[in-house]
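Asks: Sequence:
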Amino acid sequence: MKICIVTHRIVKGEGQGRVNYEVAVETLRQGHEVIMIANEVESQLLENKSATWIKVFPSLKLPQLLRYQIFAFKSAIHIRKLRKAKQVDLVMVNGFITWAKGDINAVHFVHSTWIKSPVHSFRVHRSWKRWYFGLYTLVNAFLERYAFRKSGKIIAVSEKVKNELIKLGIKHDKVQVIHNGVDVREFYPCETGKKSKMDINPSQVVGLFAGDISSPRKNLDTVLKSMVSVPALSLVVAGSTNRSIYPQMAEDLNIKDRVHFLGFRKDMGHIMRNVDLFIFPSRYEACSLVVLEALASGIPVVITEESGVTEIIRSSGENMPSGIVLTDPNDAEQLTNVLNSLILNEMKMEKMGKKSREIALQNDWKMMSRKYLDSFEEVLYQKEKKRSLRTRSLEVES
Numbered sequence: 000m001k002i003c004i005v006t007h008r009i010v011k012g013e014g015q016g017r018v019n020y021e022v023a024v025e026t027l028r029q030g031h032e033v034i035m036i037a038n039e040v041e042s043q044l045l046e047n048k049s050a051t052w053i054k055v056f057p058s059l060k061l062p063q064l065l066r067y068q069i070f071a072f073k074s075a076i077h078i079r080k081l082r083k084a085k086q087v088d089l090v091m092v093n094g095f096i097t098w099a100k101g102d103i104n105a106v107h108f109v110h111s112t113w114i115k116s117p118v119h120s121f122r123v124h125r126s127w128k129r130w131y132f133g134l135y136t137l138v139n140a141f142l143e144r145y146a147f148r149k150s151g152k153i154i155a156v157s158e159k160v161k162n163e164l165i166k167l168g169i170k171h172d173k174v175q176v177i178h179n180g181v182d183v184r185e186f187y188p189c190e191t192g193k194k195s196k197m198d199i200n201p202s203q204v205v206g207l208f209a210g211d212i213s214s215p216r217k218n219l220d221t222v223l224k225s226m227v228s229v230p231a232l233s234l235v236v237a238g239s240t241n242r243s244i245y246p247q248m249a250e251d252l253n254i255k256d257r258v259h260f261l262g263f264r265k266d267m268g269h270i271m272r273n274v275d276l277f278i279f280p281s282r283y284e285a286c287s288l289v290v291l292e293a294l295a296s297g298i299p300v301v302i303t304e305e306s307g308v309t310e311i312i313r314s315s316g317e318n319m320p321s322g323i324v325l326t327d328p329n330d331a332e333q334l335t336n337v338l339n340s341l342i343l344n345e346m347k348m349e350k351m352g353k354k355s356r357e358i359a360l361q362n363d364w365k366m367m368s369r370k371y372l373d374s375f376e377e378v379l380y381q382k383e384k385k386r387s388l389r390t391r392s393l394e395v396e397s
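Its first residue numbered 0, the sequence shown is counted upward by one per residue in the numbering used here.
A portion of the hints provided could be inaccurate.
To be verified - List of simulated lysine-lysine pairs, DSBU-like, C-alpha gap at most 35 Å:
#1 83 - 365
#2 194 - 365
#3 224 - 354
#4 255 - 83
Claimed, not checked - Ranges of calculated distance between the beta carbons of each label pair, as one might list FRET restraints:
#5 239 - 304: 20 to 30 Å
#6 339 - 172: 37 to 47 Å
#7 346 - 133: 43 to 53 Å
Source of the hints: derived by calculation from the structure; they are not laboratory data. No residue lacks a Cβ here, since even glycine has one placed at the ideal position from N, Cα and C.
Construct the complete structure from the given sequences, taking the supplied hints into account.
Replies: As structure tokens, this is what we get:
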């Protein structure tokens, strides 16, 4: 089987890139060939003789919107050449990434949903950039609908994403859900009694918030507001503080001594093992890897119904086996009550943490990748079946 994967980056360090990386790893491990059309590929993949990288690298001097269009046109040319030479059996694309048709389209984010959000950059920014952000999402929303219609099969990273696709008019039976995975060897629980709590006051419960804090989408503002009424909680924040308003907000709320901004960190496994819970009331998440990493680290999670990971935790309602789901990401009072309740019940937090690890073990990268390969084989079988029927039909006519 010869698989072509088309995306900008096939790397470990980002969500969509990591999913494609793991799919490529498993495809190669099972003895298949992988052709990667991308502008960046993890070097480990290229050590395999069955891996080929077709580099498409538009100039970084161009605006992102233009760079992506150049990538879309150039990648389409490469795909057409591969198909014409019969050097590829199946093409997997990611959203709108190319003007060529994809046999499978992996959807990690739906721009048509995001643009309606009250915290979209177009509505939040007051500079001229808001118009660029608005145009960027509008163009992507239009193009992704084109790509979805052209694709043979769609893989959504969560039921949440699948429902968003159905609202766009995509047929229910065209979409398969395969949740993202997690590295359960990199992210694992700390031994009992050995948490460093990031060298913060040991009498405090230490929470973690991780993600982009340059915009309101991840919702650190609601976490900080809730902390005013949760004096027993300290918070570590992992994420670049460049252009972030939140260090000043923590100072204005008089909680600066309990909020520790770590900046961008690569040692998230170490950090997650040494905190007590993960707080992530994001306003929009398709299937966040960072929540899965917290689950694998054996800590309770506090998320919202806007997160696709909610369904992995398996239970609806407010109280969940491995975490708590907030009904409204903007309700600081609800978050305050949840945090105070957890802090007062150490045994409950411990049980939730154990359940978190159990859930993560059922959703590791290998399990996810094998589901993708099963989907590849199914699509190829259907393609061969159609080809065989056409051949028979032509034979009958002749």
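Asks: All hints, please: hold or fail.
Replies: Results of checking the hints against the structure:
1. Proposed proximity of residue 83 and residue 365 is supported: the alpha carbons are some 32 Å apart, at most 35 Å.
2. Restraint check for residue 194 and residue 365: the C-alpha separation of about 29 Å stays at or below 35 Å, so the hint holds.
3. Between the alpha carbons of residue 224 and residue 354 the distance comes to roughly 29 Å, so the proposed pair stays at or under 35 Å and holds.
4. Distance hint between residue 255 and residue 83 is unfulfilled; the C-alpha atoms sit about 61 Å from each other, more than 35 Å.
5. Checked against the hint of 20 to 30 Å, the C-beta distance between residue 239 and residue 304 comes to roughly 27 Å, which is consistent with it.
6. One distance hint, 37 to 47 Å for the beta-carbon pair residue 339 and residue 172, holds here, with the actual separation near 45 Å.
7. Under the hint 43 to 53 Å, the C-beta atoms of residue 346 and residue 133, about 48 Å apart, fit the expected range.
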